[in-house]
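K.L.:
Chain by chain, the residues run as shown.
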Amino acid sequence: MTAVLQVEGLRKTFGGVQAVADVSFAVDAGELLALIGPNGAGKSTCFNLLNGQLAPDGGIVRLGGRDIVGLRPRQIWRLGVGRTFQITATFASLSVRENVQMALYSHAGRLRSLLGRFGTAFTTEADALLGQVGMLDQAGRPCGVLAYGDLKRVELAMALANQPRLLLMDEPTAGMAPRERVALMELAAGLARAQKIAVLFTEHDMDVVFSQADRIIVLDRGQLIAGGMPQEVRANPDVRAVYLGGTH
Amino acid sequence: MLTRNKLLAGAAALVGLSMAAPADAQGPVKIGELNSYKVFPAFLEPYKKGWELAVEEVNAAGGVLGRKIEVVSRDDNGNPGDAVRVAEELLSREGAAFLVGTFPSHVGLAVADFAKQRKVLFLAAEPLSDKIVWDSGNAYTFRLRTSTYMQTAMLIPDAVKLNKKRWAIVYPNYEYGQSATAAFKKLLSAKQPGVEFVTEQATPLGKIDAGAVVQALADAKPDAIFSSLFGPDLAKFVREGQQRGIFKGVEVFNLLAGEPEYLDPLKEEAPDGWYVTGYPWSEIKTPEHTKFLNAYQAKYKDYPRLGSVVGYATIMSAVAIIKKAGSLDQDKLIAAAKGVTVLTPFGMIEYRPIDHQSTMGAYVGRVGVKDGKGYMKEWRFVDGKDVLPPDADVKKMRPGN
Amino acid sequence: MTFASIIIQLLNGLAAAASLFLVSAGLSLIFGVTRIVNFAHGSLYMLGLYGAYTLIEALGRTPLGFWTSVVLSALAVGLVGVLIEVLVLRRIYRAPELFQLLATFAVVLVIKDIALFTWGAEDLVGPRAPGLSMAVEILGRRIPAYDLLLIAIGPVVLLVMWLLLTRTRWGALVRAATQDREMVGALGVDQAKLFTSVFFVGSVLAGLGGALQIPREPANLELDLSVIADAFVVTVVGGLGSIGGAFLAAMLIGVAKAFCIGVGTVNWFGAEIVFSKLTLVVEFLIMAIVLVVRPFGLLGKPQAAQRIAADPAPPLTVPSWTFVLVGLALLLAVPVAADRYVTILLTDIFCFALFAVSLHFIMGPAGMVSFGHAAYFGLGAYAAGLLMKRAGLPMEAALVLAPLVVGAFAVVYGWFCVRLSGVYLAMLTLAFAQISWSIVFQWDSFTGGSNGLFGVWPSAWLAGKTAYYYLALAFCGAGVALLWRVLFSPFGYALRAGRDSPLRAEAIGIDLRAYQWMAFVLVGALAGLAGAVYAFSKGSISPSTISIAQSTDGLIMVLLGGVETLKGPLAGAAIFTWLRDEVARRTEFWRGVMGVVILAIVLLFPQGLVGGLKALTQRWREAQSREKTA
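Chains as they are written, first to last, in numbering that gives the first Met the number 0: chain A, 0 to 247; chain B, 0 to 400; chain C, 0 to 629.
Quick caveat, the hints were computed from the structure, so don't treat them as lab data.
The C-beta atom is built at its ideal place from N, Cα and C for all residues, glycine as well.
Keep in mind that a hint or two might mislead.
[As the list claims (entries may be wrong)] Not close to chain C: a few residues of chain A, all C-beta gaps over 10 Å, as computed: (1) A2; (2) D21; (3) V68; (4) R82; (5) H106; (6) D126; (7) A127; (8) Q131; (9) N161; (10) R164; (11) L186; (12) K195; (13) G227; (14) M228.
[Said to hold, decoys possible] Covered by chain C, according to a simulated footprint, are these stretches of chain A (three or more residues, beta-carbon under 8 Å): (15) 22–32; (16) 110–123.
Can you build the whole structure from these sequences, using the hints too?
P.N.:
Here it is, written out as structure tokens:
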């Protein structure tokens with residue numbers, strides 16, 4: 000079985016600084032891979048290279064065997080990649096349900112209609128997704144008034160709307176209260192495993208990482224310095240030296 | 000639904016207002032006046048004073064048709080769209096007998112076309128465009144002011160006399176400047192074969208880059224310059240040219256620059272020796288002008304500008320037309336306007352039946368400086384009828400005449 | 000051009016650029032920190048000239064009197080700026096984006112009439128600079144010594160500003176706020192004080208720019224609007240918030256203009272090109288080119304997303320059928336019940352309502368502000384007129400085809416515009432409008448040039464005012480209905496989604512640019528329809544239908560009614576048109592009165608009229624229900 004996401008020799012330089020240097024890894028269906036590293040290690044750059052926001056200087060990114068380097072984010076999404084952002088990005092003036100419907104309409108290619116009425120289709124599907132993330136009771140509220148944790152859930156529902164093969168989650172629990180964090184990640188992990196979705200996520204909260212990730216890879220100054228099962232990584236002296244330091 | 004209430008209230012107010020102004024047959028005769036008061040205040044404030052004086056005099060003398068006159072005045076915002084709207088308002092709500100006024104060419108032409116559509120008399124007061132009585136002339140429109148062509152033609156004899164070979168031209172980039180330039184080139188070439196126009200500068204109205212323009216003119220090494228600049232553009236042009244010394248040994252002709260509106264702001268820097276058209280108000284001694292001058296100064300404690308004369312003559316013309324028609328019927332008014340004669344501060348004028356242009360003249364002379372102020376010297380009055388083209392040419396230009 | 004004249008024209012351009020740079024630097028500073036599009040900046044410049052004139056007359060035409068006057072005038076203008084900030088703008092910083100523009104527009108009207116009242120209508124020609132009234136000979140040509148001084152003043156002010164911005168704590172705060180306003184608030188800096196001080200400095204620069212012009216330019220009432228457009232162009236070409244960029248841009252534009260004049264008329268390949276006529280539009284041409292090549296100006300940086308902007312736009316609500324039907328019934332009854340002039344005024348209002356609704360569509364839900372929306376209105380008017388006069392089509396066909404022609408223009412203009420964002424986008428729309436305007440204004444043989452087109456009257460069966468009233472109601476009503484309908488379609492929702500979060504829209508597969516481009520075309524065509532209906536109601540078309548003033552009117556209508564509601568632009572168009580008609584008739588100082596009325600509305604209803612009324616009714620209902628439960 001080929002991996003859902005396969006990255007080989009990914010490189011990106013900003014003005015002479017190697018932000019990402021020769022990074023290779025793979026994620027399998029239903030697997031949660033955490034990408035960790037200290038601030039400035041190149042995690043965000045790496046993410047943006049995968050989702051099409053940035054163009055790499057070299058390397059291969061394969062999605063289910065297909066090279067996706069050079070594609071725009073919206074094309075990559077059409078190939079089955081869902082995303083959540085470090086700072087939530089939802090449509091503030093639309094209701095929670097409409098946000099999810101927007102993703103569903105887009106997935107079905109039905110946004111170009113000028114005269115139809117938006118919101119009449121995909122209600123059941125939207126509500127089902129909202130039910131999965133526990134937001135059904137707030138479906139009618141505008142996103143602009145939601146609590147931050149709830150926005151994260153809406154994002155997750157939107158990311159799942161196109162039945163993705165791969166979910167990219169950039170700091171999914173940033174800005175949340177500690178107790179909420181584990182709950183959200185448990186929810187995401189549960190959905191991903193049930194639907195056989197591959198998940199790649201970055202995360203600062205080590206409790207979340209070590210409790211939820213199946214595997215962990217560690218990035219430092221643009222290079223992968225370690226990778227493996229959580230307990231292996233925890234025990235790796237290089238990782239302890241550059242990243243965990245004395246705190247754990 | 001407060002918004003709806005608001006709309007209802009607005010509509011009710013509009014209806015209420017409309018009810019409040021029934022046309023009273025025995026009330027005053029209403030003349031609808033529209034002009035770009037806020038866009039060209041320097042000319043139009045004196046203009047307004049001029050027509051207010053005329054209204055006062057006419058009513059003191061018993062009015063017309065046994066009724067007083069009233070001028071209902073509106074600001075057209077310098078915009079033809081607004082002008083057509085207020086023209087409609089003057090006619091349909093205020094019950095104005097006909098329309099007078101307007102300043103810029105495009106507004107004058109738009110209202111002229113509107114008058115044609117509505118079949119009402121329009122007496123264009125100030126717009127200088129030749130088109131208003133010629134190319135775009137119509138049966139309903141008459142024009143008071145000495146036109147661009149006429150004023151240009153008045154300067155031609157002096158230009159010919161100087162016999163300068165190389166001419167440079169500068170003009171504001173819109174109808175007035177363009178047609179002044181065209182008329183000047185045509186008339187001078189006809190009178191003085193071999194004349195050369197060495198450079199032309201079209202400057203955006205009100206935004207002349209005077210330094211650069213003056214330099215560009217000088218680079219062409221002209222013997223003489225023809226300019227139709229006015230207002231702030233003229234002031235900037237004069238100052239830059241004098242500072243850079245480009246007017247030395249060069250004769251300059253400038254339309255309108257002798258009008259107090261544009262000459263007085265220049266104060267001691269008024270360009271000595273320039274050939275201009277204008278209004279030497281303090282030196283005109285004809286009885287009709289003296290009477291006007293005294294009345295104006297008594298009423299306003301200020302001297303008249305050219306605009307004052309135009310405003311005054313506009314209302315006097317309107318009244319003469321009504322008197323001659325003996326009625327407010329449009330057909331009779333228009334028939335009366337053809338060939339009507341009016342005594343203005345500039346003497347007797349006639350609205351020519353052939354093209355509806357008045358024969359109002361203008362003063363031509365040279366600029367002098369005295370006591371730190373510009374004035375017109377060596378001036379003479381040119382009657383409008385002497386500078387109009389031959390009737391055959393006029394007929395050719397005017398559609399459907 | 001000879002070498003000497005090239006050098007001299009270069010100097011002329013640099014001298015002309017000096018004041019423009021000062022004004023633009025002030026504008027850039029104010030915009031950078033407060034994000035306010037300050038229309039009144041030109042008025043401050045104008046006050047600088049008037050102030051200097053008056054002070055010089057009082058203090059005497061000596062070098063000391065002159066320079067004291069220049070400095071005092073600039074400082075006084077700075078205080079006027081502070082007054083505007085404290086009395087008006089401070090109260091509406093949290094209003095929806097661009098609402099402050101409405102307030103500053105009102106200030107323009109008020110200042111203009113105050114200036115008219117104080118200084119009169121006649122141009123005031125100031126003295127030459129005492130001690131510097133001579134000319135200096137360069138390459139056999141004379142250049143005023145004062146011009147050379149101005150050329151030196153530009154870099155000096157640039158240096159002073161640079162020191163101020165990089166070497167002082169105040170400067171550090173200004174730079175930080177220009178990058179990220181929210182961060183400065185988070186740092187515990189007194190934002191109100193910072194804004195006031197920035198307004199003071201920016202206004203002093205405008206006043207100084209004006210005062211320094213007094214030996215070169217008569218003080219007159221047209222200066223405010225003639226300088227503001229140029230100042231915006233310079234600010235945007237240089238890059239918003241970049242003083243150095245403003246300097247470069249001012250020099251570039253000043254010199255380009257001087258060369259257009261210097262080159263004069265040229266024969267190229269048998270065609271005569273009159274460069275001096277380009278001065279009408281050269282700054283906008285430069286802006287269009289710069290923005291297409293560099294979307295953030297010469298030295299600008301991509302703007303940090305403006306998180307503080309105001310609260311997110313509230314959801315749109317569908318207008319109720321009661322509202323639509325009652326409104327329609329009332330309007331249908333007007334020709335029967337009211338006098339003829341009401342139908343004429345309402346016909347105007349219908350055209351402006353469709354114009355405003357189309358502008359609202361693009362700047363509200365679609366999130367792309369247009370400063371040049373008159374392009375489509377005016378081109379619609381011209382398309383209709385030209386199809387009838389030049390192509391000989393019947394009026395009915397011209398009316399129906401005009402929107403399609405305008406749509407074709409919008410395809411081109413929109414393609415460039417959707418590649419930009421924020422104020423840069425807005426200014427590119429303005430550039431296209433001005434380029435269109437200048438072509439229409441100068442193409443005498445085709446468009447009628449500055450005079451416009453005449454005899455554009457409707458067919459006989461529509462010639463009656465009542466018949467045309469119903470036609471206008473039908474066409475404009477259908478246009479508004481269509482735009483409203485589209486707003487609630489999947490397409491309209493996608494636009495709103497893109498406005499709320501371009502990042503998320505892209506991440507769920509929405510090709511936002513394509514949608515925005517389509518929106519441009521749709522909106523352009525309908526604004527064109529409004530223009531076509533307007534043209535036939537007036538019988539004539541003039542270039543002022545494409546002018547900046549027409550674009551501004553549209554913005555005022557939308558903002559006055561409230562950008563966040565659907566009915567806002569309708570109410571704004573109706574009230575603005577009606578008010579202008581009413582006020583203009585009652586007072587000579589109608590402009591000032593309009594300004595005061597708009598200011599009152601701005602301060603009472605910072606969400607616009609309809610938005611404000613909505614909030615009021617809601618509060619009232621809440622109070623009632625509280626009473627009931629008590």
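K.L.:
Now tell me, hint by hint, if it's right for this structure.
P.N.:
How the hints compare with the structure:
no.	hint	result
1	A2	holds, 22 Å
2	D21	holds, 27 Å
3	V68	holds, 17 Å
4	R82	violated, 5 Å
5	H106	violated, 7 Å
6	D126	holds, 18 Å
7	A127	holds, 17 Å
8	Q131	holds, 17 Å
9	N161	violated, 7 Å
10	R164	holds, 15 Å
11	L186	holds, 20 Å
12	K195	holds, 21 Å
13	G227	holds, 30 Å
14	M228	holds, 31 Å
15	22–32	violated (count 0)
16	110–123	holds (count 9)
Violated hints, listed in ascending order, are 4, 5, 9, 15; each of the other numbered hints is respected by the structure.
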